[in-house]
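Protein chains: 2
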Amino acid sequence: MKNFYISKTRRLRSTPFTKKIEEQGVKSYTVYNHMLLPTTFSNVDEEYLHLKKDVQVWDVSVQREIEISGKDAHLLVQLMTCRDLSKTKVGNCYYVPLIDPNGGMVNDPLIYKLEDNIWRVCIADSDVLLYAKGIAAGKNLNVKIFEANIDTMAVQGPKSFKLMEEIFGNEITKLKFFKYSFYKFQNKKFLISRSGFSKQGGYEIHVDNIKAGLELYDHLFEIGKKYNIKPGAPNQAERIEGGLLSYGNDMLISDNPFECGFEKLVHLNSDVDILGKNSLKKIWDKGI
Amino acid sequence: MKNFYISKTRRLRSTPFTKKIEEQGVKSYTVYNHMLLPTTFSNVDEEYLHLKKDVQVWDVSVQREIEISGKDAHLLVQLMTCRDLSKTKVGNCYYVPLIDPNGGMVNDPLIYKLEDNIWRVCIADSDVLLYAKGIAAGKNLNVKIFEANIDTMAVQGPKSFKLMEEIFGNEITKLKFFKYSFYKFQNKKFLISRSGFSKQGGYEIHVDNIKAGLELYDHLFEIGKKYNIKPGAPNQAERIEGGLLSYGNDMLISDNPFECGFEKLVHLNSDVDILGKNSLKKIWDKGI
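Chain order of the listed sequences is V and U. My numbering puts the first sequence at residues 2 to 289. My numbering puts the second sequence at residues 2 to 289.
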């Protein structure tokens, strides 16, 4: 297959890590949420094998975080998803299909419940910010919605646990899958979740202080030498093998959550208010 | 500056013209509305000079068209923009700033009024589909909203007029700026507007029949030989020189339409219903 260059303009936003990643020899990018996502450093087959064996750091700042806060925040997040959020807890991440009023997939974010009325919606490649703003305006909800200044490093691979333990202490090894907590590096606090777009295990470090984040980035590579650490990126073969779906690749707004295999995340019998509820009921009754 | 490759996946949608454009030697792409936009064939300086002298065909299918129809279509389009649409006419295109409830720029599309209650919103790089769906759901509007299967070729440059006249007849030379009409090629009807993202003049051909569109594409290059026709792309230097703004490059959701120089398109004294009206009034009263 022929290779093509990417034309960089301001519209394709860089991340705080772009400069370092280019020094580390990134070869190619894709674009995701109007931002650069590194895709290869050597070649995808080598990177696949390395990811399954050692540890990689990925710049996944493209997973933009839409913060929704205010009196009606829970209501708004619930309106957008077919998953019942009534029993959700602070400290957890939830994988939720976002749907439109026709039951079509809008996005499949991981959402972080920070407080009862503060959520971060960590999005796949579509402008959830605009969808949320539209609903809030239409329904006159009391919410604040904005894209947070957060950039994310994923530390993925079997050796990610030892590496993170060396940096953040034994506490972090106790963090369970799809939980998050706060950890300190050089006296700066980071929100870290046990999550990531691979099946090899690892963490995502959500950076709101760029200076501290860049220092941590360097420190990861310094300490990680003994674990054969390398810069990397979400690997198509690995994530497909692991059953992870990708919005835009495997599902579109023309697909409903049943077609995507999300049946267990569609709670039509709960009494929570979901925008696409009636549409999904009709789809379910007709058979998929 | 170092060059980087683009990683093509299904998520970065191709267009019906991609295959032809790659045969014609496209070198680089950008991504716009989750789709590939060709950016260079030779080099941007040569292409700049050629655009100002001859004629180019651009694959600008990335200008996705969001169709909004139904009883409340006019109301919904008006809610999204600060420009008063009450006197708009079928057959015209309108450049309208779309704004969020805080007065921030959501997009700057050209909108086509097809019928009183059928609009096509020809968008810059943000998911207006989701914004419109959100508002419609929140307000319970009677509308149908979808991304139309339309792909656009722009024919731009001083020799575009002679070329298009040869293909579509003398009628098309009478089409005025920001008007559209329907023209036939090989008995297939095309919506063609006098518009385009350059200051050199030209047309945009909105293709809803891919087979006919591909035949027209080849025909343009066949007939265009004598006009020194070349494939091309929106040229950053030319559009900046011409004062054309680019959403994502020159404006973001954090900018209001006054800051973008759209004062003449902000109609706060009309009695039409605009979502961001109060916010824009406050911004105006405080001074920008």
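Worth flagging that the hints you see were computed from the coordinates, not collected in a lab. Please note that the accuracy of each hint is not assured.
Pairs count within a copy or across copies, as identical chains cannot be separated in the list.
Said to hold, decoys possible - Within a straight-line C-alpha distance of at most 25 Å, the following computed SDA-like cross-link-like pairs (lysine to any residue) qualify: (1) K3 <-> G105; (2) K283 <-> F147; (3) K145 <-> I284; (4) K231 <-> L115.
Hints, verified against the model:
no. : hint          : verdict
1   : K3 <-> G105   : neither (34 Å within a copy, 40 Å between copies)
2   : K283 <-> F147 : between (33 Å within a copy, 20 Å between copies)
3   : K145 <-> I284 : between (33 Å within a copy, 18 Å between copies)
4   : K231 <-> L115 : neither (31 Å within a copy, 54 Å between copies)
Hints 1 and 4 from the list above are not met by this structure, while the remaining hints are.
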